[in-house]
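There are 2 protein chains.
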Amino acid sequence: MRTHEVVLQRIEQDLADGKLTVGGRLPAERALAEELGVGRSSVREAMRVLEAMGIVRTAVGSGPDSGAIVAANPAASIGVALRLHMATRTLPIRDVVQTRTLLESWAVEEAAGRARELDLHAIDALLDAMDEHTLSPEAFHRLDADLHVAMAGLAGNVLVEAMMVSLRDSIHGYVMQAVPLLDDWSEVAQNLRCEHRAIVTALRRGHGAKASTLVREHIEGFYGRFAPVRG
Amino acid sequence: MRTHEVVLQRIEQDLADGKLTVGGRLPAERALAEELGVGRSSVREAMRVLEAMGIVRTAVGSGPDSGAIVAANPAASIGVALRLHMATRTLPIRDVVQTRTLLESWAVEEAAGRARELDLHAIDALLDAMDEHTLSPEAFHRLDADLHVAMAGLAGNVLVEAMMVSLRDSIHGYVMQAVPLLDDWSEVAQNLRCEHRAIVTALRRGHGAKASTLVREHIEGFYGRFAPVRG
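As they're listed, the protein sequences go chains A and B. Heads up: the first sequence runs through residues 1 to 231, numbered per my numbering. Heads up: the second sequence runs through residues 232 to 462, numbered per my numbering.
One should not assume that every hint holds.
[Unchecked claim] Selected chain B positions facing chain A (Cβ under 10 Å, derived; list incomplete): (1) 279; (2) 282; (3) 322; (4) 323; (5) 326; (6) 330; (7) 333; (8) 380; (9) 384; (10) 388; (11) 389; (12) 396; (13) 432; (14) 450.
[Claimed, not checked] Listed next, the stretches of chain A that the computed footprint assigns to chain B, with coverage defined by at least 3 CB atoms under 8 Å from CB atoms of chain B: (15) 36-47; (16) 93-101; (17) 152-159.
Worth flagging that the hints you see were computed from the coordinates, not collected in a lab. Positions of the beta carbon are idealized from the N, C-alpha and C atoms, including for glycine.
Let the sequences and hints guide you as you build the complete structure.
Below, the structure written as structure tokens:
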């Protein structure tokens, strides 16, 4: 095991044992280095890895001896990893579309079962913001991705939400690839607006099966417009 | 932006531009440091982060100037992050169970649609291995988790498979928590064996809906045995 891995293993063990909990502070860099008998550069390398994974955050302006705080941001960590893997082009768009369809159609059906408890204010605000006709395709589809992540979050499953957050950039990426291939973007955008409103109406009324079907058709419909072009 | 983030951004850009591809070699540590005007320790920190995310691997025995190889292992990266987040106890077991049920029931239905093309040798071997009655609960449930990951992989979706691989440790973790709570583990294990055989038979015959229902009942049935105990 390399020296920075010794540090990682120690932190993981302390988390598993409950010695370290969310909001707690890690030992200072120097103390950890001395205790484990490794160099301070190895401790710093381990901290970078933990930061990138959303496990710790280092306070702004903190000195080298102030120690990092234990955070818990699974979505951020998976998101960074997936974005990098999308960049290596080893994740096919078809698989992203299939996965989001699965997660989102499940999530709205689940959420519709608790329609009365749902807080849809943020979602209504996104729908209204997307009605603005001066939005660029880029800005419109950013809001679009936010809306889909927010809808998936209504199901109340941390892991499904984290996966959707982590897919946000991948989704925005393939959608923006499609924009130049569309004959008339503003017509497409208008259809997307209507479809979003219909999904949220079904959700609000507690019509789970309908919301689920509408989400599926909405995602697959857009993908179908350009998937054949890509072969 | 901190100096190691400058290095990360540069690598991500090179991946996105196609200048770096899977199997390719990154510039040597010294060259990268000079080119970006950062210290070599910053380059090393960035490499640790990329390694942890499965984006690069460093060859065993390579010198400091030999450069890392671009790999592509989304499952490994997400897996490490999720395992660490499970350790922080911010991922509820209920959410893990719900998510795997969703992914696995979808995957077997999808796979059953191509039953004739499926290679089930590895899965049959796992089923046979699990018949061994001298297996410890630990060893039995390791094989069990492998079997479920293998079944999910039959759907041919890289992302769904990566998510299941990344859940493997979390699944094994909650199952092993349940073992001491069971009245008669060997009876439970015998039921699990039968249920696995039934799922694989449905898969082999191309009965997608049935395989999907059996997987759901299998996962929820086991969880139901101990979920009430946990409150």
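- Query: Once the shortest beta carbon distance from residue 388 (chain B) to chain A is found, is it less than 10 Å?
  - Reply: Holds. Min distance 5 Å.
- Item | Status of the residue 330 (chain B) interface restraint (C-beta, 10 Å, chain A) | holds, 5 Å
- Message: Just to be careful: measuring from the Cβ of residue 384 (chain B) to every Cβ in chain A, is the smallest value less than 10 Å?
- Response: Because about 12 Å separates residue 384 (chain B) from the closest Cβ in chain A, which is outside the 10 Å limit, the hint is violated.
- Does residue 450 (chain B) meet its interface restraint, that is, does its C-beta lie within less than 10 Å of any C-beta in chain A? violated, 14 Å
- Query: Counting residues of the segment 93-101 of chain A with a beta carbon closer than 8 Å to any beta carbon of chain B, are there 3 or more?
  - Reply: Contact hint for the segment 93-101 of chain A vs chain B: holds, 4 residues under 8 Å.
- Message: So, as I understand it, the hint says residue 389 (chain B) touches chain A; can you test that by seeing if any CB pair is closer than 10 Å?
- Response: With Cβ-Cβ at 5 Å, under 10 Å, it holds.
- Verdict on chain B covering the segment 152-159 of chain A, where coverage means 3 or more residues with a C-beta closer than 8 Å: Check passed, 3 qualifying residues.
- Taking the closest Cβ pair, is residue 333 (chain B) under 10 Å from chain A? holds, 5 Å
- Message: Min Cβ distance, residue 279 (chain B) to chain A: is it shorter than 10 Å?
- Response: holds, 4 Å
- chain A contact restraint for residue 323 (chain B) - C-beta distance below 10 Å: At 7 Å from the nearest chain A Cβ, residue 323 (chain B) passes the 10 Å test, so the hint holds.
- At a Cβ distance under 8 Å, does chain B reach at least three residues of the segment 36-47 of chain A? holds (count 4)
- Message: So, as I understand it, the hint says residue 396 (chain B) touches chain A; can you test that by seeing if any CB pair is closer than 10 Å?
- Response: Where the cut-off is 10 Å and the nearest Cβ of chain A is about 13 Å from residue 396 (chain B), the hint is violated.
In this structure, the hints that do not hold are numbers 8, 9, 12, 13, 14, in rising order.
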